[in-house]
Amino acid sequence: MQTQTGIRRWLTSTNHKDIGTLYLCFSFAMFIVGGVMALAIRAELFQPGLQLVRPEFFNELTTMHGLIMVFAAIMPAMVGFANWQIPLMIGAGDMAFPRLNNFSFWLLPVAAILLVTSFFVPGGAAATGWTLYPPLSTQMGPGMDLAIFAIHILGVSSVIGAINIVATILNLRAPGMTLMKMPLFVWTWLLTGYLLIAVMPVLAGAVTMVLTDRHFGTHFFNAAGGGDPVMFQHIFWFFGHPEVYILILPAFGIISEVIPTFARKPLFGYRSMVFASCAIALVSFCVWAHHMFAVGLPVGAQLFFMYATLLVAVPTGVKVFNWVATMWEGSLTFEAPMLFAVGFIFVFTVGGFTGVILALAPVDIQVQDTYYVVGHFHYTMVAGSLFALFAGTYYWLPKWTGHMYDEKLARWHFWLSMIFFNMTFFPMHFLGLAGMPRRIPDYPLQFAQFNMLSSIGAFGFGLLQLLFLYIVIRAIRGGAKVEPKVWDGAKGLEWTVPSPAPHHTFETPPVVS
Amino acid sequence: MRARNFSAAVAYALPGFALAAGESKYGLQTPQSIVAHQIYDLHTIALAICIVIGVVVFGAMFYSIVRHRRSVGHQAKQFHGSTPVEVTWTVIPVLIVVGMAFPATRTVIAMKDTSGPDMTIKVTGYQWLWRYDYLGDDVSFYSQLSTGWSQIENQASKGQNYLLEVDHPLVVPVGKKVRLLFTANDVIHSWWVPALGVKQDAIPGFVRDSWFKVDTPGEYRGQCAELCGKEHGFMPVVVQALPEPQYATWLAEQHAKNVAAATAASAAAEKIYTLAELESEGEKVYARNCAACHQANGLGVPGAFPPIAHGPIATGPIAAHVDIVLNGSKKNPAMAAWKNQLSDMDLAAVITYQRNAFGNSLGDLIQPAQIAADRH
Amino acid sequence: MSASTHSAHRTLLLKFGVVAVLMFGFGYLLVPFYDQICKTAGLRDIDRADEIRSGGIDRARTVRVELDANVNRLPWRFRSETPIVNVHPGELVTLVYDVENTADRPVTGQAIPSYGPPHAAAYFRKIECFCFTQQAFAAHEKRQLPVAFVVDPGLPKDIATLTLSYTFFEVEGNNR
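Chains A, B and C, in that order, give the protein sequences. All residue numbers for the first sequence refer to my numbering, where the first residue is 1 and numbers rise by one. All residue numbers for the second sequence refer to my numbering, where the first residue is 1001 and numbers rise by one. All residue numbers for the third sequence refer to my numbering, where the first residue is 2001 and numbers rise by one.
These are computed hints drawn from the structure, not numbers from a lab. Take the hints with a grain of salt, since some may be wrong.
What the hints assert, rightly or not - In silico BS3-like links for lysine-lysine, alpha-carbon gap of 27 angstroms or less:
{"no.": "1", "chain 1": "C", "residue 1": "2126", "chain 2": "C", "residue 2": "2142"}
{"no.": "2", "chain 1": "A", "residue 1": "181", "chain 2": "A", "residue 2": "485"}
{"no.": "3", "chain 1": "C", "residue 1": "2157", "chain 2": "B", "residue 2": "1112"}
{"no.": "4", "chain 1": "A", "residue 1": "408", "chain 2": "A", "residue 2": "491"}
{"no.": "5", "chain 1": "B", "residue 1": "1158", "chain 2": "B", "residue 2": "1112"}
{"no.": "6", "chain 1": "B", "residue 1": "1271", "chain 2": "B", "residue 2": "1257"}
{"no.": "7", "chain 1": "C", "residue 1": "2157", "chain 2": "C", "residue 2": "2126"}
{"no.": "8", "chain 1": "B", "residue 1": "1257", "chain 2": "B", "residue 2": "1330"}
{"no.": "9", "chain 1": "A", "residue 1": "181", "chain 2": "C", "residue 2": "2015"}
{"no.": "10", "chain 1": "B", "residue 1": "1112", "chain 2": "C", "residue 2": "2015"}
{"no.": "11", "chain 1": "B", "residue 1": "1284", "chain 2": "B", "residue 2": "1271"}
{"no.": "12", "chain 1": "A", "residue 1": "485", "chain 2": "B", "residue 2": "1077"}
{"no.": "13", "chain 1": "B", "residue 1": "1257", "chain 2": "A", "residue 2": "491"}
{"no.": "14", "chain 1": "B", "residue 1": "1077", "chain 2": "B", "residue 2": "1158"}
{"no.": "15", "chain 1": "A", "residue 1": "181", "chain 2": "B", "residue 2": "1077"}
{"no.": "16", "chain 1": "C", "residue 1": "2157", "chain 2": "B", "residue 2": "1176"}
{"no.": "17", "chain 1": "B", "residue 1": "1213", "chain 2": "C", "residue 2": "2157"}
{"no.": "18", "chain 1": "C", "residue 1": "2142", "chain 2": "B", "residue 2": "1330"}
{"no.": "19", "chain 1": "B", "residue 1": "1177", "chain 2": "C", "residue 2": "2039"}
{"no.": "20", "chain 1": "B", "residue 1": "1176", "chain 2": "B", "residue 2": "1213"}
{"no.": "21", "chain 1": "B", "residue 1": "1025", "chain 2": "B", "residue 2": "1284"}
{"no.": "22", "chain 1": "B", "residue 1": "1257", "chain 2": "B", "residue 2": "1177"}
{"no.": "23", "chain 1": "B", "residue 1": "1213", "chain 2": "B", "residue 2": "1158"}
{"no.": "24", "chain 1": "C", "residue 1": "2157", "chain 2": "B", "residue 2": "1339"}
{"no.": "25", "chain 1": "B", "residue 1": "1112", "chain 2": "C", "residue 2": "2126"}
{"no.": "26", "chain 1": "B", "residue 1": "1177", "chain 2": "B", "residue 2": "1112"}
Said to hold, decoys possible - Far from chain B by the CB rule (all over 10 angstroms, computed), these chain C residues:
{"no.": "27", "residue": "2005"}
{"no.": "28", "residue": "2026"}
{"no.": "29", "residue": "2092"}
{"no.": "30", "residue": "2135"}
{"no.": "31", "residue": "2167"}
Small disclaimer: the values here were computed from a predicted structure and weren't measured. Using N, Cα and C, we set each Cβ at its ideal position, and we do this for glycine too.
Generate coordinates for the entire structure from the input sequences, incorporating the hints supplied.
Below is the structure:
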């Protein structure tokens, strides 16, 4: 079979490696778009007073920054990794549904265009926060409808992609590779796939209800017609909480691949890691109302959700212990993937601690809707998901391209990321505790110092990612040639094929002992 | 110019230390109610536990990074796992979180217990201000941000309580259990005073209750805590706690004011004002209420807020102008009905001002008596 | 790809496709589910008239009932004639709300009740109320709308203050 070239190749390819590349490039482009919005936000928040943007546009920026980063940057990046790595790791020639795979990807640019153009319709983009709460979302102009359509399209792409991934994992593992012999990255994607199929349709339902409340006379969330705005929050967060585990489970998988390689010993407690991941996925369905502690839930509900949330911290903690135990008594080296993996453990765990503190409903009531929460989810999603994506990129890029990336530049990327990331987001915990609400374009004077520090960090962190882009592009174009087994401690089927991995691999499945 | 803006920015950042009047910038505000005390202590305990766990876990990790490196010749030990170890580090965290749940449960129950209040105040969230109704006392008023937009737009220097000051604070007695009933007029808002440990969403069409009891006299400031539109960051909460005798005096003053306002309204209804008097009063009303959207220069924001300067309504028939200011716009809900918030005098003055300022110069006068008639 | 793999893929595609569709329906099912939970927990039931349970009046106990009134973007004046009443559980109380349409045009509104504390809703037995029925008012029309209720003697002992709150919303499309 001849590989096509040029635009036709990228438009019509059903090859998992090509589609993985498309997902990764798209996600990085959207990461920059969402990042520019973040910089605009931080530029406005650099000092008290309104300097750069009007309050209503500021709300559009915060909303779109959230929607783009969650749905168009992090999720597609994780799917990109799934596409590249899962067939290679299980010894399959391609995904279960190669043509659906192509379709899942090409839905994304359509959705992205809808989101970006929503800024230019009358009334501007949706300005409700990414959580889209009614009745505020009912008040919005046509930008909200565009966002709803975009979310529908993103949802279809995610669900089809998830079905593809789950079918691939269940049906196409090489003979001898039982479920309990799969790499942990594959396990975490299996669970993520189940979560996506279960909850993305619920989000679709919720935003459809908003759409019909807006235009077709329904009153799901309108008290005037007997509806209840709080019900939206229940339905949204029933999706929303599993969603954050969708964002982090594949990241856990990547870290679980990287650390054993650079510790040169097996992952500690493989079975336990599988069980912990399953527990996290299951319990994630039972904690949604911890996003709603200030709404006025009955006492019984406050207590139940507090207990369930405290409980879900346990399997997450177990995973951290297992990673440290993997490092323990290893023979460690700290190339860029390992730097980011260790960095991940450190900063993600900080996010985990603030999550435990937030689980305590009375404390949550004080800090809900403040910068404490913004700090918490940026520690888990940026230091968490994003750093894991960096670790995975440096880890597998040589396999994908055949070239080693520039290690020295990559170390600069790591250390500067750690410094600027913490400079941006650590002060937010103080701001939230001291009383600064979120989603405001201007703030009282006692918050000025930490806001200024955070904004400086944000610009540093943002501009730094151009260095990452440079490193990746250089590695694609050239660099030291690498062996099939790029890293001496690496184990797994992907390291048995040449680097760069040929366009078609495992056309005959290997036998796994 | 840029250097000056930067040093102005730094100048705001540095005094931030002193301005917070003894409040730590790193932690929760000094608690001023029983519930706030409990929350503060709960946070301290939880944070301490997390720090201890962090030190242990990160300590192990950093030890390993230093001692178990290949570069110092350390060989990897190929162990796979250990069930006793897994069980231990699963059970211990479970015990820790169960331990944390006990004090937290007590506080959750205490926060929900609104029984036996000494007074009840209804709090209504509007876009973008609060309204307080003292149930049973016939006292009610609106409470709106009093920081001028000239400060927000960096044309005047910012006062100490920038964005945390209102025209009419919520006044309550010290040491009494105050029950609050929350609802909203339009979208979800959230009433929050950190020092008192109260945050409750205000939901249109529903009432929710909460409570507090203030320990010490003082002024306690908070902000709206649920995104409610463009001025979400500009609708603060100020609670002024007075010792009982002073509260009683304040209450009596409010009753007297009610009587006086009723008399003044009927007096104003008869008085005829000059154009200059109406314009000068109207300019102040405009700055406080209209400038946020229609801008200080009356030019509005294209595509969002129509201009007053040479605008069709401000230069069109008076009746339509009066109607839209009193009753709001059906087409564009962002233009609220002002008749409940502003007095006859305020309304007459601001409409007069709009028709004569910004180059409109129509020479129209609207008297408070006209507004009073138009209300019915 | 072998025929068995092919059919294995097809089976999973079908199964998960069905699951996805069912989960979309589940989102909608949450709507009546939520209503049912609220009714069962006594948190909110807005359109049913209550039956009186016969039983005595508990004269030893007094409950303070606050009558709250709100309008949501409606040009109406709406307040209870008696903002606060002290009642005995089991005693039938009748009172009126004054409602006036201050606009020059006919307006139809609908009142939605809410209760503070929310779980007290189950103990507030409304025999007659104007909630959730459309009320059409001509221009400048004034009316009194009655509410008759009994506070259930089963009201938990620690609740001594109850709030009945109505919010009137405009019913669209009837009058322009």
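Evaluation of the provided hints:
no. : hint              : in the structure
1   : 2126/C <-> 2142/C : holds (23 angstroms)
2   : 181/A <-> 485/A   : holds (20 angstroms)
3   : 2157/C <-> 1112/B : holds (15 angstroms)
4   : 408/A <-> 491/A   : holds (25 angstroms)
5   : 1158/B <-> 1112/B : violated (38 angstroms)
6   : 1271/B <-> 1257/B : holds (20 angstroms)
7   : 2157/C <-> 2126/C : holds (20 angstroms)
8   : 1257/B <-> 1330/B : violated (34 angstroms)
9   : 181/A <-> 2015/C  : holds (25 angstroms)
10  : 1112/B <-> 2015/C : violated (45 angstroms)
11  : 1284/B <-> 1271/B : holds (20 angstroms)
12  : 485/A <-> 1077/B  : holds (21 angstroms)
13  : 1257/B <-> 491/A  : violated (82 angstroms)
14  : 1077/B <-> 1158/B : violated (63 angstroms)
15  : 181/A <-> 1077/B  : holds (21 angstroms)
16  : 2157/C <-> 1176/B : holds (21 angstroms)
17  : 1213/B <-> 2157/C : holds (22 angstroms)
18  : 2142/C <-> 1330/B : holds (23 angstroms)
19  : 1177/B <-> 2039/C : violated (30 angstroms)
20  : 1176/B <-> 1213/B : holds (6 angstroms)
21  : 1025/B <-> 1284/B : violated (36 angstroms)
22  : 1257/B <-> 1177/B : holds (26 angstroms)
23  : 1213/B <-> 1158/B : violated (32 angstroms)
24  : 2157/C <-> 1339/B : violated (43 angstroms)
25  : 1112/B <-> 2126/C : holds (25 angstroms)
26  : 1177/B <-> 1112/B : holds (13 angstroms)
27  : 2005              : holds (32 angstroms)
28  : 2026              : holds (25 angstroms)
29  : 2092              : holds (23 angstroms)
30  : 2135              : holds (16 angstroms)
31  : 2167              : violated (5 angstroms)
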